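Q: Here are the chains, one letter per residue:
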Amino acid sequence: MRFVDEFRDPKLAKTLIERLHKRAAQLPYTAEKPMQIMEVCGGHTHAIFKFGLDKLLPPQLEFIHGPGCPVCVLPMGRIDACCEIAAHPDVIFCTFGDALRVPGKQGSLLNARERGADVRVVYSPLDALKLARENPQRQVVFFALGFETTLPVTAVTLQQARREGLTNFSVFCQHISLIPTLRSLLQQDDVRIDAFLAPGHVSMVIGTAPYHFINTQFGKPLVVSGFEPLDMLQSVLMLVEQVCEASCKTENQYRRIVPEEGNVLAQNAIREVFQLSGSSEWRGLGLIEASGISLTETYSAFDAERRFRPQTQSVADDPRSRCGDVLTGRCKPHECPLFGTGCTPHNAFGALMVSSEGACAAWYQYRYLENEPAQEQQEMKQKVAG
Amino acid sequence: MSERNDVVTMAHGSGGRAMQQMIERMFLSAFDNPWLNEREDGARLSLAAMSEQGDRLAFTTDSYVIDPIFFPGGNIGKLAVCGTANDLSVSGAIPAYLSCGFILEEGLPMDDLQKIVSLMAQTAREAGIAIVTGDTKVVQRGAADKIFINTAGIGVIPGDVAWGAGQIQCGDKVIVSGTLGDHGATILNLREQLGMDLGIQSDCAVLAPMVAPLRAVSGVHALRDATRGGVNAILHEFSEASGFGISIDENALPVKSAVRGICELLGLEPLNFANEGKLVAVVSAQAEERVLNLLRKHPLGADAATIGEVTENPQVCLRGALGVSRQLMLPHTEPLPRIC
Amino acid sequence: MCIGIPGQIVALHEKQPDHAWAEVCGLRREVNIALVCEGISEREQLIGGWVLIHVGFALSRLDEHEAQETLAALHVMEEVEADVALFLGAGEAR
Chain A
1 MRFVDEFRDP KLAKTLIERL HKRAAQLPYT AEKPMQIMEV CGGHTHAIFK FGLDKLLPPQ
61 LEFIHGPGCP VCVLPMGRID ACCEIAAHPD VIFCTFGDAL RVPGKQGSLL NARERGADVR
121 VVYSPLDALK LARENPQRQV VFFALGFETT LPVTAVTLQQ ARREGLTNFS VFCQHISLIP
181 TLRSLLQQDD VRIDAFLAPG HVSMVIGTAP YHFINTQFGK PLVVSGFEPL DMLQSVLMLV
241 EQVCEASCKT ENQYRRIVPE EGNVLAQNAI REVFQLSGSS EWRGLGLIEA SGISLTETYS
301 AFDAERRFRP QTQSVADDPR SRCGDVLTGR CKPHECPLFG TGCTPHNAFG ALMVSSEGAC
361 AAWYQYRYLE NEPAQEQQEM KQKVAG
Chain B
1 MSERNDVVTM AHGSGGRAMQ QMIERMFLSA FDNPWLNERE DGARLSLAAM SEQGDRLAFT
61 TDSYVIDPIF FPGGNIGKLA VCGTANDLSV SGAIPAYLSC GFILEEGLPM DDLQKIVSLM
121 AQTAREAGIA IVTGDTKVVQ RGAADKIFIN TAGIGVIPGD VAWGAGQIQC GDKVIVSGTL
181 GDHGATILNL REQLGMDLGI QSDCAVLAPM VAPLRAVSGV HALRDATRGG VNAILHEFSE
241 ASGFGISIDE NALPVKSAVR GICELLGLEP LNFANEGKLV AVVSAQAEER VLNLLRKHPL
301 GADAATIGEV TENPQVCLRG ALGVSRQLML PHTEPLPRIC
Chain C
1 MCIGIPGQIV ALHEKQPDHA WAEVCGLRRE VNIALVCEGI SEREQLIGGW VLIHVGFALS
61 RLDEHEAQET LAALHVMEEV EADVALFLGA GEAR
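Quick mapping for you: the protein sequence lines, in order, are chains A, B and C. If you're matching positions, the first sequence starts at 1 in the working numbering and goes up one per residue. If you're matching positions, the second sequence starts at 1 in the working numbering and goes up one per residue. If you're matching positions, the third sequence starts at 1 in the working numbering and goes up one per residue.
Since the hints were derived computationally from the structure, they do not count as laboratory data. Since the structure is predicted, the reported quantities are computational estimates derived from the model, not experimental observations. For each residue, glycine too, the CB sits at the ideal point set by N, CA and C. Please note that the accuracy of each hint is not assured.
Stated by the list, open to error - Residues from chain B that face chain A, not an exhaustive set, calculated with beta carbons under 10 Å:
#, residue
1, V139
2, I187
3, L190
4, E192
5, Q193
6, A233
7, H236
8, E237
9, A241
10, G320
11, L322
Just chain A, same shape as in the assembly (with noise of 0.2 Å):
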């Protein structure tokens, strides 16, 4: 596969990883206290795990996943909204694959669909569009959400609904923008993090600029990174050069797809449709100001809330999860409580366990077993304690 393939080789791989073990031994970090690089992307985290770059990195590294699964930081109530419009007997609610097994309170839009809603999975909103276009006498309703990667895609076919006149197509928007997000984990006291990897994707479509505070602000490197294990590992590679020469600035990795200036015409896509508005809730971060995304205006009869007005939905978190930490990086899937226990894939109390590159369903797809001796001697620990 061209422009995939030649990005794995193992050959290069290993050419990266013998650099980046020469030149972490030259940083100021230890085996006890690694350089935390945080990347805030489940694709990233994806490709960590499918890769095994974490095993690869060396001691003084090591890589802290953050809150960039959208999937993930969804607060349960929404969900509960979404399938209270599924379940009007008119509407086809389609979903990406992602979003279905997510539980909200009163269980996820599959439980929906198996009690009766029309709950669809599709692979693009066009798609959504279509069955909009050949079901009249329906209401289709897309659950649109995701970052900057995803936000032009809605804009693009909300235009295109608008064009045709379109009726019977509306989009519940969970659409959340990345820098309030960044911005508010770095204000957080006790996350540490070092250097972060910038998602490739988002990148693509806002460009590099929109990073910078991060380096002024906060004086943290920062590395716009591909997704493939040779971006990654070149990525952690630049990070470290920048750290060895005592540089804090925003560098691309991902120069073959992310323009500098980002996607124009996706953002004029992006700035006719959608606007920022007041602060949202993130699971495990809490209200983050301005980083809400809602429909303007001109767009603002295809908003799913104001053509069903579902009952907003405040739900507050099982206390025993750690899901919020997890997402900030504070702790590890496997160091929360019921991580394997009381949640699991089958059995999910948040969506980290569910969203397919969710920090703890990646976890518990890749290193469970491996976990299970820690788990033992923390079970021991607590009896004996006990």
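Following the hints, put chains B and C in place on chain A, whose structure we already have.
A: Okay, now just chains B and C, sitting in the frame of chain A:
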């Protein structure tokens, strides 16, 4: 009141004339064999004839509820013959007789039923399998999805063949007979209306002729056909049953490039995709080369490859592109396309 | 939500001006190209080029030159590492 000939009606399941006519014209004429032609309630099969071939009977059953019922490479009827025949083959038996029960939804077009039955008959005939007994029921619209088929099959296992997960030993090699996921990718594309021009089709096929020469090879320990749940499911079954683990090399998996494309696009793994004409064989290291050669000689096994080995450590693991090993878990439900 | 795959634009869509046919691993998929080009001439320029595809949309044009440069830099690094290893190895042998 005229009879509608173009769809299946409740009358066709009622035991009356409509049903008799349908059975005669459609099933009996298509499946035509001496046992069926006796038109008794059940087929009578000669024990003596069977005893000459071996000393155990393999007996298996499966139900087929696939949607869509027609797909590139076949239809539900062909699947119903292949699936059950293959279950017999992998137990070491020579597939000989099938039963077949139909549950038809009121309103199913007769043309569709005819196409399905014809392909069933053709597939069975070409494989030397006789469909010797059957049953037909019709249920009201909505009580079944178009057509469900159950087939049960029997075949004789020759005395010197002893395949089973209990035979698996540490150090054995794990071989697949061909490319992974062709069937699953084809069906996914159709069912989810992904509209992709894949250029591949279901690999649905009777494996008996490819399996036959393996019976003479000592060192063949266990065979399974990889259907729902993909090769991943089989690896876990083998591991569970034998108490050993299996380590698979991701680079060694034979995958057609269109299947790889659909997996990359949707974030899925070919190991989890269904197959309908592939088997997984666990063989001793000494037998590996011979088995690969025998498989590759047959058109259905042209892409046969060793994908891993049996290990002491009782986990199913995948050695990735960069050499790092990770656990391979079974997805607890059908994997959904993801966009993240 | 980041899954994006490189695909090659092989033809424009016959009926829909905003759509084109992309090939990924030999399989053809319809993609929306509204976000990577404006106007007919730009659209035609896309043919034969590579784009990044995300949920049925082309979101960026892949710069093949940059891709080659990135790989070339890594290959250089590989040679340097190999030379260094050789050099060190020769040093130790004495």
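Q: For the restraint on L190 (chain B), tell me whether the closest CB of chain A is nearer than 10 Å.
A: violated, 14 Å
Q: Given A241 (chain B) as an interface hint, is its Cβ closer than 10 Å to any Cβ of chain A?
A: Check failed: Cβ of A241 (chain B) comes no nearer than 18 Å to chain A, outside 10 Å.
Q: Checking hints one by one. Is V139 (chain B) an interface residue toward chain A, by the C-beta closer than 10 Å rule?
A: violated, 20 Å
Q: Identify whether the interface hint at Q193 (chain B) stands, where standing means a beta carbon of chain A within less than 10 Å of its own.
A: This interface hint holds because 8 Å falls under the 10 Å limit.
Q: Given E192 (chain B) as an interface hint, is the shortest Cβ-Cβ distance to chain A below 10 Å?
A: At about 7 Å, which falls below the 10 Å cut-off, the nearest Cβ of chain A leaves the hint on E192 (chain B) intact, so it holds.
Q: Please verify that hint: E237 (chain B), Cβ, nearest Cβ of chain A, below 10 Å or not.
A: This interface hint is violated because 18 Å lies over the 10 Å limit.
Q: Is the interface hint satisfied for G320 (chain B)? The criterion is a beta-carbon contact with chain A at less than 10 Å.
A: With a minimum Cβ separation of about 5 Å from chain A (threshold 10 Å), the hint on G320 (chain B) holds.
Q: Taking the least C-beta to C-beta distance, is H236 (chain B) closer than 10 Å to chain A?
A: violated, 13 Å
Q: Classify the hint on A233 (chain B) as holds or violated, based on whether any CB of chain A lies nearer than 10 Å to its CB.
A: violated, 15 Å
Q: When the nearest CB of chain A is found for L322 (chain B), is that gap smaller than 10 Å?
A: The hint holds - L322 (chain B) has a Cβ within 10 Å of chain A, the shortest such distance being about 5 Å.
Q: Should the interface hint for I187 (chain B) be scored as holding, given a Cβ-Cβ cut-off of 10 Å against chain A?
A: Violated. Min distance 15 Å.
Checked against the numbered hints given earlier, this structure breaks hints 1, 2, 3, 6, 7, 8 and 9; the rest are met.
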